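Chains as they are written, first to last, in the working numbering: chain B, 15 to 128; chain Y, 136 to 249.
Calculated directly from the structure, the hints in this document are not laboratory data. Here the structure is a predicted model, which is why all the values come from computation and not from measurement. Just so you know, even glycine gets a beta-carbon here, dropped at the ideal spot from N, CA and C. Do not take every clue at face value.
Simulated DEER-style distance windows between Cβ atoms [claimed, not checked]:
1) Y:K203 / B:T34: 13 to 23 Å
2) B:K79 / Y:P249: 30 to 40 Å
3) Y:H207 / B:T34: 18 to 28 Å
4) Y:P144 / B:R58: 11 to 21 Å
5) Y:Q180 / B:K83: 23 to 33 Å
6) B:K71 / Y:N153: 20 to 30 Å
7) B:P121 / Y:T248: 34 to 44 Å
8) B:D70 / Y:P249: 20 to 30 Å
9) Y:N153 / B:G54: 19 to 29 Å
10) Y:N157 / B:P97: 19 to 29 Å
11) Y:G194 / B:N42: 18 to 28 Å
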Amino acid sequence: EAQVTQNPRYLITVTGKKLTVTCSQNMNHEYMSWYRQDPGLGLRQIYYSMNVEVTDKGDVPEGYKVSRKEKRNFPLILESPSPNQTSLYFCASSLSMGKRYEQYFGPGTRLTVT
Amino acid sequence: GESVGLHLPTLSVQEGDNSIINCAYSNSASDYFIWYKQESGKGPQFIIDIRSNMDKRQGQRVTVLLNKTVKHLSLQIAATQPGDSAVYFCAETPGGDSWGKLQFGAGTQVVVTP
Chain B
15 EAQVTQNPRY LITVTGKKLT VTCSQNMNHE YMSWYRQDPG LGLRQIYYSM NVEVTDKGDV
75 PEGYKVSRKE KRNFPLILES PSPNQTSLYF CASSLSMGKR YEQYFGPGTR LTVT
Chain Y
136 GESVGLHLPT LSVQEGDNSI INCAYSNSAS DYFIWYKQES GKGPQFIIDI RSNMDKRQGQ
196 RVTVLLNKTV KHLSLQIAAT QPGDSAVYFC AETPGGDSWG KLQFGAGTQV VVTP
């Protein structure tokens, strides 16, 4: 089944404890992206990747890191999480940059930082 | 995309009626405009897109209209069904130096009543 998977789905952590949220797609998509969703603000793009080893900042990259060492994986790293990073996070992928608007989303990761 | 604060605008529609969801955008350089649907507890799902050089595009039961003069985008859903109940987001690809980005509006809650 073609899908985007994220792990973990739920995470409660404490301020300053490094964490990684994994994202994997099995569709051989070139373009991948991370978003955070907060009430009333829609989805805001954190980082995106046009292909392996090519990443760029979205609108809210502060406090996050990403890497794209393999085409299928695009982990999101929070080196020192803070309470304002409590949010619902979505990973998405699309076939190519030319189709970047037609994104397939994962199920989401709900992160709480205390 | 639009920003409407903490409370999503809500559109209540009777089953079988047509729905019209509106979105204002601000970037005249955006090259694609897109509609996504998000059901409760799930990631967003691509519905339809329209390129900036078009003013109308039709899909299955949906029509997207683009008015570049007033920077307005709308999604029309014909014969609304209970399964159409969801939050609907407009999004845009900014173009220019930000051509890899995807920017979402805050969303509209659609509630279908029997």
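The hints, checked one at a time:
Roughly 42 Å separates the CB atoms of K203 of chain Y and T34 of chain B, a value that falls outside the hinted 13 to 23 Å. Our hint of 30 to 40 Å for K79 of chain B and P249 of chain Y is violated, since their Cβ atoms are close to 48 Å apart. The supplied range of 18 to 28 Å is broken by H207 of chain Y and T34 of chain B, whose beta-carbon atoms lie about 41 Å from each other. Evaluation of the 11 to 21 Å hint for P144 of chain Y and R58 of chain B yields a pass: the beta carbon distance comes to about 19 Å.
For the hinted restraint 23 to 33 Å between Q180 of chain Y and K83 of chain B, the CB-CB distance of approximately 28 Å keeps it satisfied. Taken as a hint, the range 20 to 30 Å is violated for the pair K71 of chain B and N153 of chain Y, whose Cβ atoms sit roughly 40 Å apart. With their beta carbons about 28 Å apart, P121 of chain B and T248 of chain Y fall outside the hinted range of 34 to 44 Å. Between D70 of chain B and P249 of chain Y the Cβ separation comes to about 46 Å, which falls outside the hinted range of 20 to 30 Å.
For the pair N153 of chain Y and G54 of chain B, the beta carbons lie near 27 Å from each other, so the given range of 19 to 29 Å is met. Range check, N157 of chain Y to P97 of chain B: about 34 Å between beta-carbon atoms, so the 19 to 29 Å window is missed. Look at G194 of chain Y against N42 of chain B: about 25 Å separates their beta carbons, and that is inside 18 to 28 Å.
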